[in-house]
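Knowing the structure of chain A, use the given hints to seat chain B on it.
Respectively, the protein sequence lines represent chains A and B.
If you count the first sequence from 1, position 132 lands on 132 in our numbering, and the numbers rise without skipping.
Throughout, our numbering is defined as the position within the second sequence, counted from one, plus 161.
Please keep in mind that the hints were generated in silico from the structure rather than gathered at the bench.
There may be inaccurate statements among the hints.
These stretches of chain B come out as covered by chain A in the derived footprint (C-beta under 8 Å, 3 or more residues) [said to hold, decoys possible]:
#, segment
1, 185-195
2, 299-312
Restraint ranges, calculated between C-beta atoms of paired labels, are given here [what the hints assert, rightly or not]:
#, chain 1, residue 1, chain 2, residue 2, range
3, A, Phe34, B, Asn239, 38 to 44 Å
4, A, Phe91, B, Ile196, 31 to 37 Å
5, B, Asp204, A, Asn8, 25 to 31 Å
6, B, Thr213, A, Asn8, 21 to 27 Å
7, A, Thr100, B, Arg370, 21 to 27 Å
8, A, Phe119, B, Arg238, 53 to 59 Å
Counterexamples of contact, computed for chain B against chain A with all Cβ distances above 10 Å [claimed, not checked]:
#, residue
9, Gly180
10, Ile220
11, Leu248
12, Leu253
13, Leu265
14, Met435
A virtual CB, placed ideally from N, CA and C, is assigned to each residue, including glycine.
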Amino acid sequence: MSKDRDSNPQPVIISIIVALMLAISPMPGWAESFRPDWVTLTLIYWAMNLPRNYGVGWAWIIGLILDVAQGTLLGQHALALALVIYVTVTFHLQMRQFPTLQLSITVCALLALYQFILFWINGVAGVNTPSITYWGPVISGSLLWPLMTMLFGGARYRVRT
Amino acid sequence: MARAKSDRHHRSPHPPAPGLRFLLLAALSLLLLVIDHRHNHLDAARKAIGATVYPLRVIVDAPVSLWRWIGETTTSRNELLLENSRLNAERLLTQARLQRYAALEAENVRLRSLLEATTSVRDQVRVAKIMAVSSNPFRHVLVVDKGTRDGVFDGQAIIDADGVVGQIIEAGVLSSQGILISDPDHALPVEVNRNGLRTIAVGTGEFDRLVLPFLPNNADIRDGDLLVTSGLGGAFPAGYPVAIVDSVVRIPQEPFAAVSAEPSAALNQVREIMLIWSADDDTPATQGPEALANEESTDE
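Same shape as in the complex, but just chain B:
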C-alpha cells in the first residue's frame, strides 16, 4: 500500500527495485518466525489478524449452514416423529445407565472420603460447532465457533460423544483453533483402563490411528484395551475415553513394542464438539498435576 503511494510521488519510469524492501520483510519474517516458534509472544498479533479472517470463515461456512438449515426445516412430519421416538428410546437407555452411574458416583465419593482424597467433581461441558477444518493435510487443526468471549482458553480439552477429540491451541475472541489428537505433533498422557498402566498416545497424521511408542515389550497391554485420559499432563481431565488398542506387536530385539490404537471419537466426522471446563477450581490442591489442570482452567 505504501508502495502505491510512493509511486505516485516519484513517477519514476521504471518500478523501483524491490530488493531492499524484500530483504527488510524477509528479515522481519524470520524474526517473527523465531519469536513465534520459541516464545509464543505473538498471541495478540495473531488474534488481531484472526479477527480479519473471521468474516471470511463465516462466508465460507454459510452454504453449509444454509443447506443444513434447509434440511432441518423441510424434514417431513413422519421423519420428525420417527426421530423423536428414536431419541426418546435413547434417552431412556442413557437414563437407565445414568442411574447406575449415580450410585457408583456416590459410592466413589464415599470411598474417596474414607481415603481422605479430594472428590472429583463433574466437569462442565458446553457444545460448540466446528466452523472449518485445516486446509493443510499435514496438520489436523479445526476451528470452532466459540472464543474467549465464551470463556474458551488455550489448552482446553475438546471431546465429542465418544471420546477425546483434541485441545484448543489458540483461543481467539469469536472463534478458536483446536488441534486433533491425530495430529503428528500431538501427544497426550493416557492410561489403560483395565490396569492403570500409564503411557503416552501420539498422533500419526491418520484420523483412525494413534501410536503408543513408549511401551516396553513386557508391558501388560493387549488388543481391545480401552485407553482413557490419565489427567497427568494437566491439559485433559482424567477418565475420558481416548482410543481402543487395535494392534500390539512385540519385536524381541527392539526395546519398545509397536502398539497402535484407534481413536474412540470419529475425528473426521464430527460436526459438533464439546468443550470441557474442569469444575473443581476451589478444591484444595493435593494431587500435583491435576491441581495444575484446575489452575489452568481458572485463568480464563
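If we strip away everything but chain A, and leave its shape as in the complex, we get:
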C-alpha cells in the first residue's frame, strides 16, 4: 500500500493524454459510434490499481476537459466520470480479485453507467440522441478492456517502483 503513495506519475499522465488524444481524433463514420471511451477505461484502470492517487478529483477535472473537447454541457462528462470512478474506488479491492471475464463484465456495467449518465443529462438538456448505436462504446470498451490491462500491466510495474 505504501508503494501507492510514492508512485511515479509519468506513465499515468502519459496514458491519460494519449486517451484524450484518441478521444478527439477523427474516425471514419461507421467506426464513430463504436469509439471506445478511452478516457473512461484508462481512468477506471488507474483508479482500480492506485485508488489513493487517482480518484474522484482527477476524474472530475479530466471530465471537464472532455466536456470542452467534445463541446458538451460543462459538467456532463465530469459528473459521469466522477460517479464511475467513485464506484471503482469503492470496490477496487473486490475488482482486483476478479478473474478477467468477470472484471470485463464489471467494466461493461461501469461503462453502461457512464453512458447512461450522459444519456440522461442529454435528455434533460433536450439534446436528442436517437439511435441504438449510442450504446456501441459500451460494447467496444468492454471488449478492449482485457487488451488494455495487458498493455498497462507493463506500465504499472514502472509506476510502482
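Just chain B now, with coordinates in the frame of chain A:
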C-alpha cells in the same frame, strides 16, 4: 491532486472514503450544468480549458497535415501543369460569370437607391481550415483553426464554395467550434429562391438531409427549389444557398407538408471553409433583423 497530498500527510491504512468528495463534486457538476445550460455564463472557463485541449488537437491533426504536405511537395510537374491549366480554365469561367454579376450588382444598387433602401454591401470572407470534427456522432460539430485572435465571434456564419455549412458556437482564442446546419439542434431561416417563401430549415443528424417542418400543405414549394438564407434570423447574411428541395410529400390530413432538402455544401467532405464578416457595419439600420446581424458582427 489534492488527494495525493493529503494521503501523504495522513498515512492512513485504508483509502479515505471518497463519498463526501464525490457528493461535493457531483453537486458542483450539477451547478455547472444548470449554469451552462440556462445562462451561458461559463465561456471564460470553457476558453481556459479549451486552451489546454488545443495542443492535443494540433498533435492529433499533425499526421494528416504532414500527409497533405508530403502529397503537395511530391506531386509531379505534369500533374501541376495539368492542375494549373484546369484552374486557369475555371478562373476564366468564373470571371465570365462575375462580369454578369458585376452588371447585375450595379443594377441592383441603382434600383435599391430608387427604392431608397439600404444597399447590400459585399461580405468579407476569410478561409479557415477544419482541424477536427466532433467525436460524438449525434452532434455535428467541427473545430476550425481561427479564433478570437483572428476576429472570429460567436454566431458567425460558416460557408464553403457551394453553400452554407454552419455557424460558430464557441469562439476560442486560437480555435473555434462550429455547429453544422445538419445538427439536429440547428435551425436556420431560409427562403425559397423562386418565390421568396420564408420558412425554417432544421437539421436531422444526417449530413445529406435537412427538413422543413413548418410548411403548410398548400405552400408553393416543389422539388428542385433552391433554398437561400433569408438573413432574418440575424446570424446568417442573406442570399447564400443552403439546400435544394428533394422531396415534397403532402399528406391531406396533416397540417404540414413533409418537405426535405439536400444541403448544397458537402457537409462531411469539406476541409477548408470560409468565415463571413458582414461588411455593412456603418450603414444606417433600416431593416430590423438584418441590422441586428450587422451589430453582431461589430462586437468582436
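Cross-check of the supplied hints:
1. 185-195: Three-residue rule met by the segment 185-195 of chain B, so holds; n is 8.
2. 299-312: holds (count 3)
3. Phe34(A) with Asn239(B): 38 to 44 Å: 42 Å Cβ-Cβ, so the 38 to 44 Å window holds.
4. Phe91(A) with Ile196(B): 31 to 37 Å: 32 Å, holds
5. Asp204(B) with Asn8(A): 25 to 31 Å: Since the Cβ atoms of Asp204(B) and Asn8(A) sit about 37 Å apart, the hinted range of 25 to 31 Å is violated.
6. Thr213(B) with Asn8(A): 21 to 27 Å: 22 Å, holds
7. Thr100(A) with Arg370(B): 21 to 27 Å: Taking Cβ atoms as reference, Thr100(A) and Arg370(B) lie about 44 Å apart, which means the hint is violated.
8. Phe119(A) with Arg238(B): 53 to 59 Å: This hint holds: roughly 55 Å between Cβ atoms.
9. Gly180: Since the minimum Cβ distance to chain A is about 7 Å, Gly180(B) lies within 10 Å and the statement is violated.
10. Ile220: 6 Å, violated
11. Leu248: Holds: least Cβ distance 28 Å, greater than 10 Å.
12. Leu253: 36 Å, holds
13. Leu265: 40 Å, holds
14. Met435: The claim holds: Met435(B) sits with its nearest Cβ about 21 Å from chain A, beyond 10 Å.
In summary, the numbered hints that this structure violates are 5, 7, 9, 10.
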